[in-house]
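The hints should help you fit chain W onto chain A, whose structure is shown.
Keeping their order, the protein sequence lines are chains A and W. Quick note: the first sequence, position 63, residue 63 per our numbering, numbers continuous. Quick note: the second sequence, position 412, residue 412 per our numbering, numbers continuous.
It should be emphasised that the hints constitute simulated quantities derived from the structure, not laboratory data. There may be inaccurate statements among the hints.
Said to hold, decoys possible - Here are the computed lysine-lysine pairs in the BS3-like style, where the Cα-Cα straight-line distance is at most 27 Å:
1. 68/A - 403/W
2. 162/A - 405/W
3. 68/A - 405/W
4. 23/A - 403/W
5. 40/A - 405/W
Said to hold, decoys possible - In silico negatives: residues of chain W with every beta carbon more than 12 Å from chain A:
6. 67
7. 107
8. 131
9. 162
10. 177
11. 213
12. 273
13. 287
14. 320
15. 336
16. 337
17. 383
Note that CB positions come from ideal geometry on N, CA and C, so glycine has one too.
Each chain, written out:
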Amino acid sequence: MNKSDILVGIDLTKTYGELAVVKGVSLAVREGEFVSLVGKSGCGKTTLLSILSGLEHPTHGQAFLAGKEITGASEDELALFRRENVGFIFQSFNLIPTLSAWENVALPLFPIQMSEAERRRRATELLDRMELAHRLEHLPAALSGGEKQRVAIARALINNPKIVFADEPTGNLDTATGDAIMAILNQLHREQGMTILMVTHEPELAKTADRVLHMQDGEVLS
Amino acid sequence: MNLRYVFKELTHQKRRTAISVLGLSIGIALFVILNALSLAYHEAARAPLKEVGADITVQRPGNVPEELAGAVFPCSAVTIGEEEIEDIKAIPGIRGMGKAVLLWIFDPNRAWIVMGIEQNNPVGPSILKNFITEGRYFETGKPEVLVEAAYARQFGIRLGDHVNVAGRSYPVVGLIDASHASKIAVANLYLPLAEVQAIAAASKNLQSVSPFAGEDVNLLFIRADQDRIKAVAAAVKGILGEKATVATPESFLKLLGSLFALSDKFTLAASIIAMIIAILIAFKTMAGNVAERAREIGVMKAVGWTHRNVTMQLLAESIIQGFAAGLLIAQAAAFALGFMTVNIPIPWEMSPTPHFLPGGGDPLFKTLRLPVHIPWSLAAFALLLSVIIGGLTGALLGRHISKIKPSEVLRHE
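So that you can see chain A by itself, here it is in the shape it has in the complex (with noise of 0.2 Å):
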């Protein structure tokens, strides 16, 4: 393991009963990196990420993040290494629909104590980043498909990761709008330096990375 690895994963399997998902995959991701990981539909890429970001507990193996052992945590630990160091954009956005804009891109601020006014600034600061000052109170239903995804990346950003998981960011816009989201991806890695390990079954999309891995039947092909 480098010292400049903000990310490993060793051996790494999931099994599902009798099924193999993810089989002895070993990879690194270094700090500032982005790396894409492609492959089809099916192909165990999102269970991959998955262990990888802590949400989910692999078979077997182990997986270091931000130089800590996570194979082994608990739920809550879990939980609160993410809160400190992942952000994640899903292709659903998964946004609260009862949240306006500002407090979904908040929401992993909640639990923390912080003043109300703190964590508005916080959510203001980088809606605007987003372009999405106008829409700082606007409830998902009323943003676009692009406005609810670059809502999900202000949010991943809020707590000032250590690295992003993007699970098929563009999967569900229309190409102009992917297009425009996979530029606010790059910008953050460009200017910022920030770490982002995504997830696309379009290999067009992941060629903009850095490095591209290639999945298949549970392996990582390069």
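Then chain W, alone, in the frame of chain A:
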């Protein structure tokens, strides 16, 4: 727990909130209503005594007069001796005592119900001075009479008239509307206590049934410490004998015969059932909420909410719903129940009217609106109950919530 999030969930998910509110509030509302009703019946049972400023009334039953002529005691209220009165006064917990003498006086042309009352005493029938409709109250030491207003109307008695009672003449100085006063201190004529004591002492007919000395009485009105009423009543019986009629709010409560009045045990048992219902409904409702919001809970966990954070958030929603709706429904029910009237039966032995006179055998009732209200202490307890139910439900649902894996519920289809 984030209150902003709680508020948003409750206000935006109207259908879910409405269903939850209905479900969760049933138990809490049932509990609050049962207890409010129980308190109301207890309050109502105090009314007949409260109107004479007392917590306890005391009389002693005796023999039926041999001859209905002159002044006699009703058989339900014979002599309570001066020494006995002093002994009763010394019972711990007694804060005040009023005395009266009730006589039936059979003059050749008319029968009177006459009550001798004290000049000034906040306990007992002298509080009737607040019900003077015409004229004035007694002046100290003067042999004067007050006439019950309806009786005066019926027999054409006016202020300034003189009435002859047991061979003595008294000027009418005031009329009293006793219809708003208690049913247990009602008479046709009210005289100073000393006058009636003198009439009683001079009556051979009365003395032959129940010897009576100058300072004796036959009705006592006692104000006591609220938590010692039962003990005082028992002590009075100890002095006057077990046959003494000692009326307390509890004895009136028993007469009410209501389900709620039967015993405090009923309210306790019903409250426990209400709490079990509340827990079951809260559990069912929250379980439904958890299932419906699995994806949302997955998001919360993914972005760093711990199991406790999520549980506390859901609990806060349930507690606020249960408490607010429970109190609201209970308040509405209390308002509606407040229109109910309750008839409190007055025991025959406390009725001043001879049963052989027209209307004398009719059952007497004190009718009043059921005083249903929800005291702050009950509201506070309902809040505590909501928290306890919420906590229990949360503990029961802990496994449900922990079973929700973000990786499973957030998978895109």
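So, going through the hints one by one against the coordinates:
Among the hinted pairs, residue 68/A with residue 403/W is consistent with the structure: their alpha-carbon atoms are about 24 Å apart, no more than 27 Å. Using a Cα cut-off of 27 Å, the hinted pair residue 162/A and residue 405/W holds, with the two alpha carbons roughly 23 Å apart. For the given pair, residue 68/A sits about 21 Å from residue 405/W by alpha-carbon distance, which is consistent with the 27 Å threshold. Between residue 23/A and residue 403/W the alpha-carbon distance is near 25 Å, which keeps this suggested pair within the 27 Å criterion.
Taking the CA atoms of residue 40/A and residue 405/W, the gap is near 24 Å; set against the 27 Å cutoff, the hint holds. Against the 12 Å criterion, residue 67/W stays outside the reach of chain A, whose nearest CB is about 87 Å from its own CB. With a least beta-carbon separation of about 84 Å from chain A, residue 107/W lies farther than 12 Å from that chain, consistent with its non-interface assignment. At roughly 60 Å, the least C-beta separation between residue 131/W and chain A is larger than 12 Å, which holds for a residue marked as non-interface.
With a cut of 12 Å on Cβ distances, residue 162/W stays outside the contact zone with chain A, its closest approach being about 82 Å. Remark: the non-interface label on residue 177/W is consistent with the geometry, its nearest Cβ contact in chain A lying 62 Å away (cut-off 12 Å). Listed as outside the interface, residue 213/W is consistent with that label: its C-beta sits roughly 80 Å from the nearest C-beta of chain A, beyond the 12 Å cut-off. Every beta carbon of chain A lies more than 12 Å from that of residue 273/W, the smallest distance being close to 35 Å; the non-interface claim holds.
Every Cβ of chain A is farther than 12 Å from the Cβ of residue 287/W; the closest lies at roughly 20 Å, confirming the non-interface assignment. The non-interface label for residue 320/W is consistent with chain A: the shortest C-beta to C-beta separation is roughly 15 Å, beyond 12 Å. Chain A leaves residue 336/W outside its interface by the beta-carbon criterion, the shortest separation being 34 Å against a cut-off of 12 Å. No beta-carbon of chain A is positioned within 12 Å of the beta-carbon of residue 337/W; the least distance is around 36 Å.
Even its closest Cβ contact with chain A, about 24 Å, leaves residue 383/W beyond 12 Å, as expected for a residue assigned away from the interface.
Figure legend: structure checked against the earlier numbered hints; every hint is met.
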